[in-house]
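Chemist: The chain contents come next:
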Amino acid sequence: MAEEKSQASSSKMLTLKASDGVLFEVELNIAKEMKTVQAYIDDCEDIETIPIPNVLGKHLAIVIEYIKKTNEEYDAEFEKQWNMDDLQLLLLAANYLNISGLQECLCKAIAKRIENKSPEYVRKVFNIENDHSPEEEAKLRKEYKWAFEGVDKD
Amino acid sequence: MKKMVETHSHSTTLSWEILILIAHYLDPKTLAIASCVSKSWLHSMSSDLLWKPILTTHFPSLSTLPSNVSYCRLFALGHGAAKRRRQSPSKPTLSLGDLIFAVSITSNRDSRTIGEFSWPVDALQEDPPGVFRFCIGFDCGGGVAVRNEGLEEVVKVTWNVVVKGWRGVFTLMDYVGKMGFVGGGEEWFSQELPAPGCCSKVVASSVVADMRVGMCGCGESDDGGGKVRVGKISVGILNVDDWRYVGIEDGLRYLQHFLLT
Chain V
1 MAEEKSQASS
11 SKMLTLKASD
21 GVLFEVELNI
31 AKEMKTVQAY
41 IDDCEDIETI
51 PIPNVLGKHL
61 AIVIEYIKKT
71 NEEYDAEFEK
81 QWNMDDLQLL
91 LLAANYLNIS
101 GLQECLCKAI
111 AKRIENKSPE
121 YVRKVFNIEN
131 DHSPEEEAKL
141 RKEYKWAFEG
151 VDKD
Chain S
1 MKKMVETHSH
11 STTLSWEILI
21 LIAHYLDPKT
31 LAIASCVSKS
41 WLHSMSSDLL
51 WKPILTTHFP
61 SLSTLPSNVS
71 YCRLFALGHG
81 AAKRRRQSPS
91 KPTLSLGDLI
101 FAVSITSNRD
111 SRTIGEFSWP
121 VDALQEDPPG
131 VFRFCIGFDC
141 GGGVAVRNEG
151 LEEVVKVTWN
161 VVVKGWRGVF
171 TLMDYVGKMG
181 FVGGGEEWFS
191 QELPAPGCCS
201 KVVASSVVAD
211 MRVGMCGCGE
221 SDDGGGKVRV
231 GKISVGILNV
241 DDWRYVGIED
251 GLRYLQHFLL
261 T
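Those protein sequences? They're chains V and S, same order as listed.
First residue of the first sequence: 1, per our numbering; consecutive thereafter.
First residue of the second sequence: 1, per our numbering; consecutive thereafter.
Bear in mind the hints are in silico, worked out from the structure with no lab data behind them.
Hints may be right or wrong, so weigh each one.
Only pairs whose alpha carbons sit at most 27 Å apart, straight line, appear in this in silico BS3-like list of lysine-lysine [stated by the list, open to error]:
1. V/145 / S/227
2. S/83 / V/139
3. V/145 / S/91
4. V/145 / S/39
5. S/39 / S/52
6. S/52 / V/108
7. V/68 / V/124
Full structure from sequences and hints, please.
Modeler: Structure, rendered in C-alpha cells:
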C-alpha cells in the first residue's frame, strides 16, 4: 500500500498555467525543480493548478523541457537556439520560478553574448537609453580606456 | 494577455537583480564596458562587491593595498602595470643603412692626421655578426704612413656617427690618450657612453665606446726605421657589465636616443 501511495505521489501531475492561459501538465518532481512552485505546493498541498503570471506559455514550455533534459551536453547546446530577447525573458522566468541551474546557464549565455562588445551594442541588446552627457561619456571612456582595447567592431 | 506582451518583449527592462546576476558572470573587460552603458549601469557594474573578487583573482598582490579608491580603479591600475611590465622594447626606427661612422686619429701635439675615415655603416662588416661591432681592414693604402716605428705619441681619437643627410650627429668617442706605433700591434681606446634618455647612469648605462686600431708595418723609411700604418680599425659599443658587445638592435636603439628628435 505504501508502495502504491509513493508511486501515486511520484506520478502525480500538476498543472501550470502560463500568463497567456496556456496550460502545462507536468509531473510533480519536474515542478519541484521550480522552487517557487515548490513553495506554492508546500503552502497548499492539494493544489492542482498553479498560476504562473509572469511567464508566457512559449517560455514556460522551454523551461519545462530544460528541466526534463538538463545535462552537460544539453546545456551546452541549449542557449544557441534562442535570440537575445528570448534569453532575457527566459532568465526572468528562471529567476521568478527560482530554478538555479537554468538561471546559471542563461546568465552565462547572456554574458558570453555581450563579451567584448561595445557599449552601443550592449545598449541595443538590452534596450537601454544612454543617459550620460557627452562629457560624462567621454570621461568614462577615458577612465576605462584599458577595457576598450580590442573590442569587437559593431 | 494579448499581443501587448509580445510587443513589450523587446523593451524588456531587466530588473536590477537580473542585471547583477549577469554581472557576476562578466569578465573584467566586459564589466568595465558595461559601466559605460548608462548611469544606472555605471552604478551597478562598478560596485566593489563585483570587483573585489576580480581584483583578488587577477592581482592578488594589490588586493591588500590599503587604499581609498574603488576595487575597479585598483584593477585598472594593476592591468596597466602588468602591461608595462610585459612591454618589450620597440623596434628601432634607425637602421644601419641610415648611418655613417667617421673616425679621426690626429696627433695631439701638432694635429697631424694619422688616420681619417668615414664609412656608411651598412658597408662595414659586423664582427661577430649580429653584434654592434664593425671592422674594416685597409690595404697598405689606408691611413697615413707614420714614420718612427716604436714611438709612442699622444693622440686625439674621435668617433662620430652621422645620420645620412646630416639629420643628426652623435659623438661616441672624443678621447685623448697614448698610442703606440708598432707594426702588428693593436691599440685599444675606450670611453664611457652617456645613459640614454629616461634613467640616470646608475640605472641605465654600462656601455662604452670601444675602438681597436691595428697597426701594420709597411716598408722601410729613408732613415732606416720602419714605417707603420693603420691596418685595421674596429669600433663597437661594449657593455662593461658582461664584457660583451651589445646587439645590433640595442645599438641602434641606443643611438636613436641621441640622433633623432
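Chemist: Hint by hint, note whether the structure agrees.
Modeler: Here is how each hint holds up against the structure:
1. V/145 / S/227: violated, 69 Å
2. S/83 / V/139: holds, 22 Å
3. V/145 / S/91: Measuring from Cα to Cα gives roughly 25 Å; hence the hint holds.
4. V/145 / S/39: Holds, at roughly 18 Å.
5. S/39 / S/52: Roughly 21 Å between the alpha carbons, so the hint for residue 39 of chain S and residue 52 of chain S holds.
6. S/52 / V/108: Roughly 20 Å between the alpha carbons, so the hint for residue 52 of chain S and residue 108 of chain V holds.
7. V/68 / V/124: Outside the cut-off at roughly 33 Å; violated.
The structure fails hints 1, 7 (numbered hints given earlier, in ascending order).
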